[in-house]
Amino acid sequence: MSAVVPGVGEAAPASRWELRLAVEDFLYHEAELLDRWRLDEWLALWTDEVTYLVPSTDRPDGDPLRDLFFVQDGRFILEQRVRSMMKGSAWAESPHSTTCRIVSNVRAERIGEAAVEARANFVVHRSQRATLQTFPGHADYLLEPGGDAGFRIRMKRATLDLEELRPHGRVAIIL
Amino acid sequence: MGAQPLILDDRQTPRFWINRATMVEPEILAAEREEIFDRCWLYVGHESELPEPHDFRTRSVGGRPVIFNRGTDGRIRVLLNACTHRGMMVESRREGNGRFLKCFYHGWSFNSEGRLVAMPLEGDYPAGWSRDQRCLASPPHVDSYRGFWFLCWDPDQPQSLVQYLANATDFIDLVADQSSSLMQINGGTHLYSMRANWKLLVENSIDGYHALTTHHRYLEMLKASGADFAARAVGQLEGGAYDLGNGHAVVGGVDATEGRSTGMLGREFPDDESRRLFKERRDALATRYGVDWTDRIFGGRNLLIFPNLVIVDLVMGCTVRTFYPESPDYMEITGWELQPPEEGDVLHALRQDNFLTFWGPAGLATPDDVEALERCQAGFAGYRTDPWSDISRGMGKERPGGMDELQMRVFWRRYNELLTGEPAVPETAVYQPVARAGARP
Chain A
1 MSAVVPGVGE
11 AAPASRWELR
21 LAVEDFLYHE
31 AELLDRWRLD
41 EWLALWTDEV
51 TYLVPSTDRP
61 DGDPLRDLFF
71 VQDGRFILEQ
81 RVRSMMKGSA
91 WAESPHSTTC
101 RIVSNVRAER
111 IGEAAVEARA
121 NFVVHRSQRA
131 TLQTFPGHAD
141 YLLEPGGDAG
151 FRIRMKRATL
161 DLEELRPHGR
171 VAIIL
Chain B
1 MGAQPLILDD
11 RQTPRFWINR
21 ATMVEPEILA
31 AEREEIFDRC
41 WLYVGHESEL
51 PEPHDFRTRS
61 VGGRPVIFNR
71 GTDGRIRVLL
81 NACTHRGMMV
91 ESRREGNGRF
101 LKCFYHGWSF
111 NSEGRLVAMP
121 LEGDYPAGWS
131 RDQRCLASPP
141 HVDSYRGFWF
151 LCWDPDQPQS
161 LVQYLANATD
171 FIDLVADQSS
181 SLMQINGGTH
191 LYSMRANWKL
201 LVENSIDGYH
211 ALTTHHRYLE
221 MLKASGADFA
231 ARAVGQLEGG
241 AYDLGNGHAV
251 VGGVDATEGR
261 STGMLGREFP
271 DDESRRLFKE
281 RRDALATRYG
291 VDWTDRIFGG
301 RNLLIFPNLV
311 IVDLVMGCTV
321 RTFYPESPDY
331 MEITGWELQP
341 PEEGDVLHAL
351 RQDNFLTFWG
361 PAGLATPDDV
371 EALERCQAGF
381 AGYRTDPWSD
391 ISRGMGKERP
401 GGMDELQMRV
411 FWRRYNELLT
421 GEPAVPETAV
431 YQPVARAGAR
441 P
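As given, the protein sequences belong to chains A and B, one line each in that order. Mind the numbering: the first sequence is residues 1 to 175 in the numbering used here, read in order. Mind the numbering: the second sequence is residues 1 to 441 in the numbering used here, read in order.
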């Protein structure tokens, strides 16, 4: 994939269609890495400074400085989360569950010279032993152009479109 | 339940076994509903969840729908969330603020005190029919202790809330004393579940023994963050498990590090500023309550209020959780974050980080508890071949520690007493409240 992203940076102004296509490619790539449990490569998609958020189901628009979230990771904890899942010490995901992510309804907008805001709907199907769980939601991204995959993630806020985390009980996977 | 014993409490050997039938059989759950959830004082919510008049929260307490609200008069109430006309749940929103509770089925409206104030076509009711007789029902007993509100569905419950809480009040005080006004439940609730029997979460919430193995990855994270376990352990004195009476139990410690650490768990302070602020806050509490009590506040505690309220205060963060069985192998859990509102932004940010890194359905600890308890439940399918679980650790010790299982036996003896009528004989001396200094709100 080209490192020059249409619609961003020094490149000539491109259409919204081209920008969205580039973001879609990136999000599909991210979903594939997560579904294949290639989490080290997934971690490499992020910028140095990272914010990975999952709000509580009863405060989908919550403020992480004030409200209780499910996930509120900076780089260190996100690295630890990934490491534990790759080492097999995360019992909730050991052995790894089988997941299938569907990403859709992608929109992207250029913000200033070096950032793109993107939003997509997702559905993560998670199968473990005899249970199948469905995690529907939408994800807001702040992306920066660059890297082998075309973008890097500075912020990802994955909001579950569920009213309760029941009967799922946990979100030990990355959304 | 037939002739099978629920527990095997053998003081001679000694050993303490639990019959796994209690985790599996629907008849036992039916008995629990009658003898425990319909009889005991149960947690409803925290005063800080209702800051304004007409604020309400709806929830299910002991299997019955309630509205936990604050009236026009500023008083907190608990109302049965069922219209007195034909029984429809009046309020279906989880939370909100409203002067009236309106049932859309036939249009009956109640005020925030539960009085029926308006309805269509009132004139067609017979003579003598009165709106005053059709107020929303309330539980027979509702009371609070230091901001924690409870109800009891049993009109014949002989104990007041304070009598029921017995010597657990000291440990609620150790939590409530952290604020000079009122501890605060944060916005955002962990509404999750487990495919496991509810009593497994009672045990797990006060179990020190599982931490090293189940929470291996959390401890690895702490190590990677530079946590100095040796230094922390030095400051932890007299950690132990205590019988608080009435089936309540606690595992708690005393912290003598004088503010050098945020407790046994939690990451190190990120900078000198946060360290200074933490020490400053600890010193202020010591000035108010004395050093001994403050060392206990900062020692942390896993507190069980029988049957299903858990307050885990690990200093770096504090969670309040309650949970109910929907079936023998499935429970619904509600987890909140409790914090002192006056802590300031820096310590609050540190607390949020430590809380979420450990707790909640996406933390680095709780999901592994969920997995463990669900696998226990799966293992219980073989209960007819091996019916016994073992919680004998520390039995016979004069002073059982936090890695022992006295606290679970305290729960199970009371449980057995309520279901069978066999008296619960304490294994150790019951914890006695201590005198302490300082005025409390």
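Hints are computed from structural coordinates only; laboratory data are not their basis. It cannot be assumed that every hint is accurate.
[Said to hold, decoys possible] Computed spacing ranges between beta-carbons, pair by pair: (1) A:163 - B:121: 30 to 38 angstroms; (2) A:16 - B:60: 53 to 61 angstroms; (3) B:421 - A:35: 32 to 40 angstroms; (4) A:125 - B:163: 30 to 38 angstroms; (5) B:124 - A:121: 48 to 56 angstroms.
Virtual Cβ for every residue (Gly too), placed ideally from N, Cα, C.
Going through the hints against the structure:
1. The hinted range of 30 to 38 angstroms is satisfied by residue 163 of chain A and residue 121 of chain B, whose Cβ atoms lie roughly 35 angstroms apart.
2. Separated by about 47 angstroms at the C-beta atoms, residue 16 of chain A and residue 60 of chain B break the suggested range of 53 to 61 angstroms.
3. A C-beta distance of roughly 55 angstroms is found between residue 421 of chain B and residue 35 of chain A, which places it outside the suggested range of 32 to 40 angstroms.
4. A hinted range of 30 to 38 angstroms for the beta carbons of residue 125 of chain A and residue 163 of chain B is inconsistent with their spacing of about 51 angstroms.
5. Roughly 51 angstroms separates the CB atoms of residue 124 of chain B and residue 121 of chain A, a value that falls within the hinted 48 to 56 angstroms.
In this structure, the earlier hints numbered 2, 3 and 4 are contradicted, and the remaining ones agree with it.
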